[in-house]
Amino acid sequence: MRFLPHTDSDRQAMLESIGVAAIRDLFADIPAEFHIEQGSLALGDALSEAAIMRKFTRAADKNRNATNTRYFLGGGTYHHFVPAVVDYIISRGEFLTAYTPYQPEISQGTLQALFEFQTMIARLTGMDVSNASMYEAATATAEAALMARRVTRKSRVVMAGSVNPRYRAVTANYLSRLDGDYVEVDMGCFGTDLDRVIGAIDASTACVIVQYPDFYGSVYDLAPLRAACDAAKCLMVVAFSDISAFALIESPGALGADIAVGSGQSLGIPMGFGGPHLGLFTCKQQYMRQMPGRVCGLTTDAGGKRGFVLTLSTREQHIRREKATSNICSNQGLMCTAAVTYMALMGDEGLNTVARHSAAALQSLVARLPAHVRAAQGARYNETVLSFADSAARDRFLAAAKERALFAGIPLEQIDAAAEPRHLLIATTEMVEADDINDYLDLLEVAK
Amino acid sequence: MSISDTTFKYSGTVGMQHEEPVLFEHAHEAPESINLPGVDGDISPELSAFARKTPASIPGLSEPEAVRHFVRLSQWNHGIETGFYPLGSCTMKYNPRVNEQVVRLPGLAHIHPDQPEETTQGVLELMYELQGWLGEISGLPYVTLQPAAGAHGELVGLMMIRAALDARGQQHRRKVLVPDSAHGTNPASATLCGMHTVELKSGADGRIDLEELKRHLDDETAALMMTNPNTAGAFESDIKEICRLVHEAGALVYGDGANLNALVGVARPGDMGIDCLHINVHKTFSTPHGGGGPGGGPVAVNEALAPYLPVPRIEKHGDTYSLVHSCETSVGPVLGAPGQIGVLLRASAYIAAFGRQHLHRIAEDAVLNANYVLNRLKGRYHVPFDGLCKHECLLTDEWQEKHGVKTIDIAKRLIDLGFHPMTVYFPLIVHGAMLIEPTETESRETLDAFCDAMIDIADACEAGDTAMLHDAPLKPFRRRLDETQAARKPVLVWPK
Numbered sequence: 001m002r003f004l005p006h007t008d009s010d011r012q013a014m015l016e017s018i019g020v021a022a023i024r025d026l027f028a029d030i031p032a033e034f035h036i037e038q039g040s041l042a043l044g045d046a047l048s049e050a051a052i053m054r055k056f057t058r059a060a061d062k063n064r065n066a067t068n069t070r071y072f073l074g075g076g077t078y079h080h081f082v083p084a085v086v087d088y089i090i091s092r093g094e095f096l097t098a099y100t101p102y103q104p105e106i107s108q109g110t111l112q113a114l115f116e117f118q119t120m121i122a123r124l125t126g127m128d129v130s131n132a133s134m135y136e137a138a139t140a141t142a143e144a145a146l147m148a149r150r151v152t153r154k155s156r157v158v159m160a161g162s163v164n165p166r167y168r169a170v171t172a173n174y175l176s177r178l179d180g181d182y183v184e185v186d187m188g189c190f191g192t193d194l195d196r197v198i199g200a201i202d203a204s205t206a207c208v209i210v211q212y213p214d215f216y217g218s219v220y221d222l223a224p225l226r227a228a229c230d231a232a233k234c235l236m237v238v239a240f241s242d243i244s245a246f247a248l249i250e251s252p253g254a255l256g257a258d259i260a261v262g263s264g265q266s267l268g269i270p271m272g273f274g275g276p277h278l279g280l281f282t283c284k285q286q287y288m289r290q291m292p293g294r295v296c297g298l299t300t301d302a303g304g305k306r307g308f309v310l311t312l313s314t315r316e317q318h319i320r321r322e323k324a325t326s327n328i329c330s331n332q333g334l335m336c337t338a339a340v341t342y343m344a345l346m347g348d349e350g351l352n353t354v355a356r357h358s359a360a361a362l363q364s365l366v367a368r369l370p371a372h373v374r375a376a377q378g379a380r381y382n383e384t385v386l387s388f389a390d391s392a393a394r395d396r397f398l399a400a401a402k403e404r405a406l407f408a409g410i411p412l413e414q415i416d417a418a419a420e421p422r423h424l425l426i427a428t429t430e431m432v433e434a435d436d437i438n439d440y441l442d443l444l445e446v447a448k
Numbered sequence: 001m002s003i004s005d006t007t008f009k010y011s012g013t014v015g016m017q018h019e020e021p022v023l024f025e026h027a028h029e030a031p032e033s034i035n036l037p038g039v040d041g042d043i044s045p046e047l048s049a050f051a052r053k054t055p056a057s058i059p060g061l062s063e064p065e066a067v068r069h070f071v072r073l074s075q076w077n078h079g080i081e082t083g084f085y086p087l088g089s090c091t092m093k094y095n096p097r098v099n100e101q102v103v104r105l106p107g108l109a110h111i112h113p114d115q116p117e118e119t120t121q122g123v124l125e126l127m128y129e130l131q132g133w134l135g136e137i138s139g140l141p142y143v144t145l146q147p148a149a150g151a152h153g154e155l156v157g158l159m160m161i162r163a164a165l166d167a168r169g170q171q172h173r174r175k176v177l178v179p180d181s182a183h184g185t186n187p188a189s190a191t192l193c194g195m196h197t198v199e200l201k202s203g204a205d206g207r208i209d210l211e212e213l214k215r216h217l218d219d220e221t222a223a224l225m226m227t228n229p230n231t232a233g234a235f236e237s238d239i240k241e242i243c244r245l246v247h248e249a250g251a252l253v254y255g256d257g258a259n260l261n262a263l264v265g266v267a268r269p270g271d272m273g274i275d276c277l278h279i280n281v282h283k284t285f286s287t288p289h290g291g292g293g294p295g296g297g298p299v300a301v302n303e304a305l306a307p308y309l310p311v312p313r314i315e316k317h318g319d320t321y322s323l324v325h326s327c328e329t330s331v332g333p334v335l336g337a338p339g340q341i342g343v344l345l346r347a348s349a350y351i352a353a354f355g356r357q358h359l360h361r362i363a364e365d366a367v368l369n370a371n372y373v374l375n376r377l378k379g380r381y382h383v384p385f386d387g388l389c390k391h392e393c394l395l396t397d398e399w400q401e402k403h404g405v406k407t408i409d410i411a412k413r414l415i416d417l418g419f420h421p422m423t424v425y426f427p428l429i430v431h432g433a434m435l436i437e438p439t440e441t442e443s444r445e446t447l448d449a450f451c452d453a454m455i456d457i458a459d460a461c462e463a464g465d466t467a468m469l470h471d472a473p474l475k476p477f478r479r480r481l482d483e484t485q486a487a488r489k490p491v492l493v494w495p496k
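Line by line, the protein sequences give chains F and D.
Reading the first sequence from the start, the letters are residues 1 to 448 in UniProt numbering.
Reading the second sequence from the start, the letters are residues 1 to 496 in UniProt numbering.
The set of hints was computed from the structure by calculation and includes no laboratory data.
Among the hints, a few may not be true.
Cross-link-like lysine-lysine pairs, in silico, DSS-like; alpha carbons within 27 Å at most [to be verified]: (1) D:Lys496 with F:Lys284; (2) F:Lys305 with D:Lys496; (3) D:Lys316 with F:Lys55; (4) D:Lys489 with F:Lys305; (5) D:Lys175 with F:Lys154; (6) D:Lys316 with F:Lys402; (7) D:Lys53 with F:Lys284; (8) F:Lys284 with D:Lys489; (9) D:Lys201 with F:Lys323; (10) F:Lys62 with D:Lys316; (11) F:Lys323 with D:Lys489; (12) D:Lys214 with F:Lys323; (13) F:Lys323 with F:Lys154; (14) F:Lys305 with D:Lys475.
Note that the structure is a prediction, hence the values are computed from the model and not measured.
Required output: the full structure, derived from the provided sequences and hints.
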């Protein structure tokens, strides 16, 4: 077995030094009835490295992927361009195979990268501080609701119905075992009706959670919500799913968010069938000590030199145990490294280009839609909803597009179970070329 | 303290050591931007009304500068590829490179979770197979791959236990018993699941004390959360009786699978009476830790808990695999995705490499290595609990403390001697804990070198040569870092 360095004579010598005859003697403290027979587990046969590659390649070949198909899919996962350098950096063993940087003297690489990551995420979202990441966006949204409850010492959570249904479902699930109300506000449209959201706020409300751009891609003015949250002394939580938007449109921080959470998958991380992605968690400075998750901070060493450490650990479960701010004790470290490398390669200008191209592709498509397909109204970033006469018309188009190596959108009801089955959630990125849009429009005509 | 560090005048690498500025200190105008694909067209006037007013100030680097910056940062890290990592309860084993190739196959990396299901049959097949393997290895046949980490798995497992008790009409069962040796996430997860914890005091041998357990089991008890082998590295030999007592009291047994590396292929938690177990694939199944994550914490349960598994579930009907999103008895969705697929694929490749013929050799060599280290060090360091250990061994600083040397000093001195320290001050049940887990992928030569270093440290203590221990580490380019200062006035971002 190539991953095991010992020879049989090593093992024998080691057993002798321990003073036992056989390896099985080292397991004598496990009652005999629980010992299983070697080789008896129903697993596959041991595979050589070549056989492993063959097995996984064969499976991979059954999946259509973005190297052979055009993607107009979003809903929380986006096909953005990933520069080769990103994958190179996160493949380096020093980043890939390091543990959590609890020994800072020999982990300054991870720590400084995290500090740079936190800074860039804070800047892009317009927020004061960022933590060192969460699992992904849905659980980060749930953690934001929990944090708002701690900060305000109130327990009611108001959720706009235009937040990604998966973020809503996970948040509702997390809150369902704790005291306090959880209210979802139906939007009645493919956008965010802030009057309805504001109408649901009361004195016991800890926070209001909206998504911006929302699940349907709508971009809207958050100012009225900020005023309403001030009046009710509750926190304004802004979720997002494609952070590339904030290189183009106003950031959650500039619009007054107290907490902004979402996905950083767009920052150099492949779609990967949903993960690992990158959950982001940012907030105003004054709430910093209530943040969940790991945080990296600046300090000095015994010689007075600058360095970085994990900090604010008194919030965490290894010290606080049942009173910890969260049970989370990992982060998406390697994905942070991917994101910070990506952002450093892009800079303001590159990020802005990604966002402009993503938005321009959508605009180019929507502006030329045939009459039998309707796009949702109002400002959109890179996502919107297309509506067909009925599910048959939509599905005919989807099937025709798939034949032409084009995934034309996600049937809305696939994510949002409440939706009528005639809508299509579509997303564009800089990976969509003008020809792809032309093909998309042709297919709409052909499959009419 | 000045935020800018002026200790480096030049930026070269000197004697293989180097300074590297914070990215925001690379103060020159952004170079020509990266060439990007796509539609360079107009954005809609509606969207333009929301334009960002001031740029985010993300400094851009040219490609060669960016590569050098991050490569230089990487060289400040200890990793499993650069050296021994004997962190107890963390299972820092070698991460096979072929697994990295597997996850980069375009058909696995560049696929969307919501693309048509007939175009993702390959990945679903692999995940379905992995569910089966984890069920078989744990002896708990029903598996969810969704949890993103061990702590997430704990939460999901407790959700299922709670749902099962509720279904029996036992909404009053909300008490979770947690040994004082448990990982801190156990009580934190119970709190998040709307339950409360009662701490069980460990017995004199570091194991669960049956009398203490009996005293706390009552009709409000929902579960016992236990780690086996426990965090002192000892197998809970009373496991059968423990599970019997818990079940007799109407509660369930949650297994923290952090220490599964000691059992894999040798014995199965499900056979011992555990009802529900999370599996840290980044430990037992060798997915890289990545500097803190991503991890993966699949949960395996027995038939009684199967109805409560979260959605989406990966099912096979006929020859077709599918993600099933609705199930009335389910505890619901716990992640916005089917799981951390890239992590799970690596775990799958690891299991495939060992297969049914060799899987047990993981546990065998891991336990052999831990006992070898224990045996070599037991005369020089205090061993709080006698007997065989499993995959990790527990020492304390009791003998060194007489010379004024503490666990932290020993740990930092190890850095100067070329090793990552062991886990320190955990478990909490002994004073000055040092928990050493060598894993199965370390050679005898490495183990000997580490033991020699530990013995050298013990020698230095006895010789009164303790100054270098208190000052350690002296070799890295940074000495001990001031954590108090970092926490008192936190600076979490570089100022604009």
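Evaluated hints:
Using a Cα cut-off of 27 Å, the hinted pair D:Lys496 and F:Lys284 holds, with the two alpha carbons roughly 16 Å apart. Between F:Lys305 and D:Lys496 the CA atoms are separated by roughly 21 Å; this keeps the pair inside 27 Å, and the hint holds. Pair hint D:Lys316 plus F:Lys55 holds up; C-alpha atoms about 19 Å apart against a cutoff of 27 Å. Distance hint between D:Lys489 and F:Lys305 is fulfilled; the C-alpha atoms sit about 17 Å from each other, no more than 27 Å.
Annotation: proposed proximity of D:Lys175 to F:Lys154 holds, straight-line Cα distance about 24 Å (limit 27 Å). Of the pairs offered as hints, the one joining D:Lys316 and F:Lys402 holds, with about 24 Å between alpha carbons and a cut-off of 27 Å not exceeded. As the CA atoms of D:Lys53 and F:Lys284 are separated by approximately 20 Å, the hinted pair is consistent with the 27 Å bound. Proximity of F:Lys284 to D:Lys489 is assessed by CA-CA distance (about 15 Å); at most 27 Å being required, the pair is judged to hold.
Between the alpha carbons of D:Lys201 and F:Lys323 the distance comes to roughly 19 Å, so the proposed pair stays at or under 27 Å and holds. For the proposed pair F:Lys62 and D:Lys316, the alpha carbon gap of about 16 Å is at most 27 Å, so the pair holds. Restraint check for F:Lys323 and D:Lys489: the C-alpha separation of about 23 Å stays at or below 27 Å, so the hint holds. Of the supplied pair hints, the one linking D:Lys214 and F:Lys323 holds, its CA atoms being roughly 25 Å apart against a limit of 27 Å.
Pair hint F:Lys323 plus F:Lys154 holds up; C-alpha atoms about 17 Å apart against a cutoff of 27 Å. A C-alpha spacing of about 14 Å is found between F:Lys305 and D:Lys475, which places the hinted pair at or below 27 Å, so the restraint holds.
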